[in-house]
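J.: For reference, the chains in residue letters:
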Amino acid sequence: MTAILIRTIILYLIVIAAMRFSGKRQLAQLQPAEFVIAILMSEVAALPMEDSEVPLLAGIIPIGVLVSMEIFLSALGLKNFKIRKLITGSPVIVINNGKLDQKAMKSLRLTVSDLLDSLRLQGVFDINEVQYAIVETNGELSVLLKNEYRPIETRYVLKKAPEEPVPFSIVCDGIILDNNLKNVNMKESDINKCLKRKNTALKDVILMTADSDGNISVIKKEKNL
Amino acid sequence: MKRVWIAIVILAACAGICIASYSGVSATSNDMKDTVKNIVTAVNKKNTAEIEKNKNVLKNQWDKTRTLYSCVLTHSHFDDTSQSINNILQSDNKDEKKLLEDCDSVIYSLDHLVDSEKANLRNIF
Numbered sequence: 001m002t003a004i005l006i007r008t009i010i011l012y013l014i015v016i017a018a019m020r021f022s023g024k025r026q027l028a029q030l031q032p033a034e035f036v037i038a039i040l041m042s043e044v045a046a047l048p049m050e051d052s053e054v055p056l057l058a059g060i061i062p063i064g065v066l067v068s069m070e071i072f073l074s075a076l077g078l079k080n081f082k083i084r085k086l087i088t089g090s091p092v093i094v095i096n097n098g099k100l101d102q103k104a105m106k107s108l109r110l111t112v113s114d115l116l117d118s119l120r121l122q123g124v125f126d127i128n129e130v131q132y133a134i135v136e137t138n139g140e141l142s143v144l145l146k147n148e149y150r151p152i153e154t155r156y157v158l159k160k161a162p163e164e165p166v167p168f169s170i171v172c173d174g175i176i177l178d179n180n181l182k183n184v185n186m187k188e189s190d191i192n193k194c195l196k197r198k199n200t201a202l203k204d205v206i207l208m209t210a211d212s213d214g215n216i217s218v219i220k221k222e223k224n225l
Numbered sequence: 226m227k228r229v230w231i232a233i234v235i236l237a238a239c240a241g242i243c244i245a246s247y248s249g250v251s252a253t254s255n256d257m258k259d260t261v262k263n264i265v266t267a268v269n270k271k272n273t274a275e276i277e278k279n280k281n282v283l284k285n286q287w288d289k290t291r292t293l294y295s296c297v298l299t300h301s302h303f304d305d306t307s308q309s310i311n312n313i314l315q316s317d318n319k320d321e322k323k324l325l326e327d328c329d330s331v332i333y334s335l336d337h338l339v340d341s342e343k344a345n346l347r348n349i350f
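For the record, the sequence lines run as chains A and B.
Each step along the first sequence adds one to the number in the working numbering, with nothing skipped, and position 69 is 69.
In short: position in the second sequence from 1, add 225, done, that's the working numbering.
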């Protein structure tokens with residue numbers, strides 16, 4: 001059993017490294033090829049984890065090959081549009097200018113109920129409100145509402161809305177995030193001064209944010225946790 | 226581009242491990258097969274000293290290769306081969322029939338190991 005414990009830890013670390021190496025795209029939006037890779041990787045890792053008869057290498061080598069192939073395909077897709085189209089497919093318009101494209105739906109084997117489900121998940125309960133609906137390459141539905149049903153946007157109300165500075169995290173769990181300090185033109189000494197004014201030690205800060213206008217907010221750790 | 230290079234390195238490492246493991250298994254099992262064949266010859270010649278000498282050689286060869294085998298082979302294959310080799314090492318030199326049977330069994334096991342590691346159509350499909 002100790003061997004299984006060690007095997008599991010090794011495989012866990014390898015799968016995490018492989019997923020990180022595949023890139024953030026892997027987790028954020030699964031394309032068909034990436035979905036296949038994610039499933040295969042979990043299956044391949046599970047085999048030597050649960051069956052001590054299978055050598056660990058029989059799990060590690062396929063994971064290495066799968067990740068490498070995924071990187072190659074992604075790189076090829078970046079260089080060549082045709083390959084990208086072959087791997088990821090193309091978005092399909094299922095509601096075109098307010099009209100349901102039944103041919104496109106048939107080619108996607110998408111039923112009206114599926115479409116209505118997806119629309120409801122997007123907050124659209126009446127299909128007549130939709131100008132365009134597009135099934136993206138990752139299977140998600142993008143919806144553009146007709147003009148009269150679109151929410152009012154600031155740009156239509158104000159000629160120019162004032163730009164709000166973006167707040168950056170500069171301290172997280174008592175650790176100063178140097179990279180973000182540059183974005184708000186601050187130094188470590190500025191943080192120390194600010195914390196001194198608030199009578200707070202750096203280690204007691206769970207989150208400190210600042211923006212380029214000098215607005216600073218500090219959230220302290222709760223001591224009784 | 227950096228990731229592509231790392232992917233190439235990973236793929237090359239995987240291919241390298243596969244080729245090296247096949248070469249290692251193939252070479253060592255051929256060596257052990259030769260030793261077992263020597264035992265068979267010695268048994269046929271009823272040369273007890275030669276049998277004992279080759280048994281020691283086989284034991285040394287097996288001790289050196291068992292780690293490699295356990296890393297790259299399915300453990301049931303490894304256990305079968307290990308059992309067959311132990312049968313030879315522990316067998317009574319006077320019981321020639323049993324010893325020859327054990328030798329045949331080891332040769333068959335080693336052949337099967339090498340065969341199962343080959344990248345041929347039968348193993349791929």
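Worth double-checking, as some hints may not be accurate.
Claimed, not checked - Here are the simulated lysine-lysine pairs, DSSO-like style, with alpha carbons at most 30 Å apart:
#	chain 1	residue 1	chain 2	residue 2
1	B	K323	A	K182
2	A	K198	A	K182
3	A	K79	A	K99
4	A	K79	B	K258
5	A	K82	B	K284
6	B	K270	A	K85
7	A	K193	A	K220
Note that these hints are calculated values from the structure, not bench results.
J.: Next, verify each hint and record whether it holds.
T.: Now the hints, each set against the structure:
1. B:K323 with A:K182: It is violated: about 80 Å lies between the C-alpha atoms, which goes past 30 Å.
2. A:K198 with A:K182: Holds, at roughly 22 Å.
3. A:K79 with A:K99: violated, 35 Å
4. A:K79 with B:K258: violated, 51 Å
5. A:K82 with B:K284: Violated, at roughly 58 Å.
6. B:K270 with A:K85: Answer violated: K270 of chain B to K85 of chain A is near 71 Å, above 30 Å.
7. A:K193 with A:K220: holds, 16 Å
Hints 1, 3, 4, 5, 6, counting from the list given before, are not met by this structure.
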